[in-house]
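**Student:** Sequences listed follow chains A and B, in order.
At position 39 of the first sequence (counting the first as 1) the number is 39 in the numbering used here, and the numbers step up by one without a gap.
At position 77 of the second sequence (counting the first as 1) the number is 77 in the numbering used here, and the numbers step up by one without a gap.
Think of the hints as simulated: they come from the structure by calculation, not from any bench.
Predicted model, so just to flag it, every value in this text is computed and none were measured.
Be a bit skeptical, because a hint or two may be false.
Below are the BS3-like pairs computed for lysine-lysine, each with C-alpha atoms no more than 27 Å apart in a straight line [said to hold, decoys possible]:
id, chain 1, residue 1, chain 2, residue 2
1, A, Lys-69, A, Lys-59
2, B, Lys-59, A, Lys-69
3, B, Lys-122, A, Lys-69
4, A, Lys-10, B, Lys-124
5, A, Lys-10, B, Lys-2
Short derived list, chain B residues pointing at chain A, Cβ under 8 Å [as the list claims (entries may be wrong)]:
id, residue
6, Lys-59
7, Ile-75
8, Cys-77
9, Met-99
10, Phe-102
11, Arg-104
12, Ile-106
13, Asn-118
14, Thr-120
15, Asp-123
16, Leu-125
17, Val-127
Cβ coordinates follow ideal geometry from the N, Cα and C atoms, glycine included.
Protein chains: 2
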Amino acid sequence: MKILRPNFEKRDGVIPVIVQDVNSGVVLMLAYTNEACFLETVETGDAVYFSTSRNERWKKGETSGNIQKVRGMLIDCDGDSLIYKVEQKGSGACHTGAMSCFFRTIEGNAGYVGGKINITEKDKLPVINMPVVKVGWPYVDQSSI
Amino acid sequence: MKILRPNFEKRDGVIPVIVQDVNSGVVLMLAYTNEACFLETVETGDAVYFSTSRNERWKKGETSGNIQKVRGMLIDCDGDSLIYKVEQKGSGACHTGAMSCFFRTIEGNAGYVGGKINITEKDKLPVINMPVVKVGWPYVDQSSI
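Take these sequences, add in the hints, and give me the full structure.
**Tutor:** In structure tokens, the structure reads:
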């Protein structure tokens, strides 16, 4: 099988991966990969990422059971980012129990949750007080996330 | 207006932004932002990114006219990546003319194109010859991208 080669060099060996549910199109998470983890994913069909915090190979769901079966990949125009289309197994992609890691709008409202969510103190984010803005926030239709 | 503050520090001041069509859910591109460009985007409603290649502020569509009106933002569990839900103006998000920068599957087949596409020599990517793999490629249903 021939596949296109991502340009890992452009980003010092580690490029971002947008992880999208193959059926719903919901974006589940943003992860990173290097060449070895990318090739392992292509070969096995299980999503294997590179953890930038631990600086090591990270097979998604290896401990939690929430593995991701990769059903397709897209690559962007300049080859330095990927989309994995996955079947998410288990309770979801997020460590909080949410189906998607993007479960909050920037205003702090609940977005796409799906699943029993458990947000601890370390999952809270600081707040910025913005001046009056020109756009009509909030806008997002949660059903379309 | 109060908004959650992304953790720019975790990624040396520059974090990835997944840009998604607010209506279709199609992922249009992967961009980056820093704090100043993020705040400008919130204040004006027009997508302003940080170009990691030119190392400077980049207002999307400033020269091409293909601006993006941001209609909502999501932030991930640990605050170091964002989704912008946008209305894409003009011909599309990609410099090739495609609606989405992710117009190719990893096998090199056409994915979601939408628009008159013009791929030049510099848009071509190198190829890897893979051994036989365990998964059933290609899989992606192009209609669901």
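**Student:** B:Ile-75 was flagged as interface toward chain A. Is the shortest Cβ-Cβ separation under 8 Å?
**Tutor:** holds (6 Å)
**Student:** If you draw a straight line from the CA of B:Lys-122 to the CA of A:Lys-69, is it 27 Å or shorter?
**Tutor:** violated (32 Å)
**Student:** Going by Cβ atoms only, is B:Arg-104 closer than 8 Å to chain A?
**Tutor:** holds (6 Å)
**Student:** Between A:Lys-10 and B:Lys-2, is the straight-line Cα distance small enough, at 27 Å or below?
**Tutor:** Violated, at about 36 Å.
**Student:** Is the interface hint satisfied for B:Asn-118? The criterion is a beta-carbon contact with chain A at less than 8 Å.
**Tutor:** Check failed: Cβ of B:Asn-118 comes no nearer than 11 Å to chain A, outside 8 Å.
**Student:** Does A:Lys-10 pair with B:Lys-124 here, judged by a C-alpha cut-off of 27 Å?
**Tutor:** Judged against 27 Å, a Cα distance of about 15 Å means the pair holds.
**Student:** Quick one, are A:Lys-69 and A:Lys-59 close enough, alpha carbons at most 27 Å?
**Tutor:** holds (11 Å)
**Student:** Would you check whether B:Cys-77 satisfies its interface hint, that is, whether its CB is within less than 8 Å of any CB in chain A?
**Tutor:** holds (5 Å)
**Student:** For the restraint on B:Phe-102, tell me whether the closest CB of chain A is nearer than 8 Å.
**Tutor:** At about 4 Å, which falls below the 8 Å cut-off, the nearest Cβ of chain A leaves the hint on B:Phe-102 intact, so it holds.
**Student:** Please verify that hint: B:Ile-106, Cβ, nearest Cβ of chain A, below 8 Å or not.
**Tutor:** holds (4 Å)
**Student:** Could you check if B:Thr-120 really has its C-beta closer than 8 Å to a C-beta on chain A?
**Tutor:** Hint on B:Thr-120: violated, closest Cβ of chain A at ~10 Å, above 8 Å.
**Student:** If you take the shortest Cβ to Cβ gap from B:Lys-59 to chain A, is it below 8 Å?
**Tutor:** Check failed: Cβ of B:Lys-59 comes no nearer than 15 Å to chain A, outside 8 Å.
Checked against the numbered hints given earlier, the structure breaks hints 2, 3, 5, 6, 9, 13 and 14 and satisfies all the rest.
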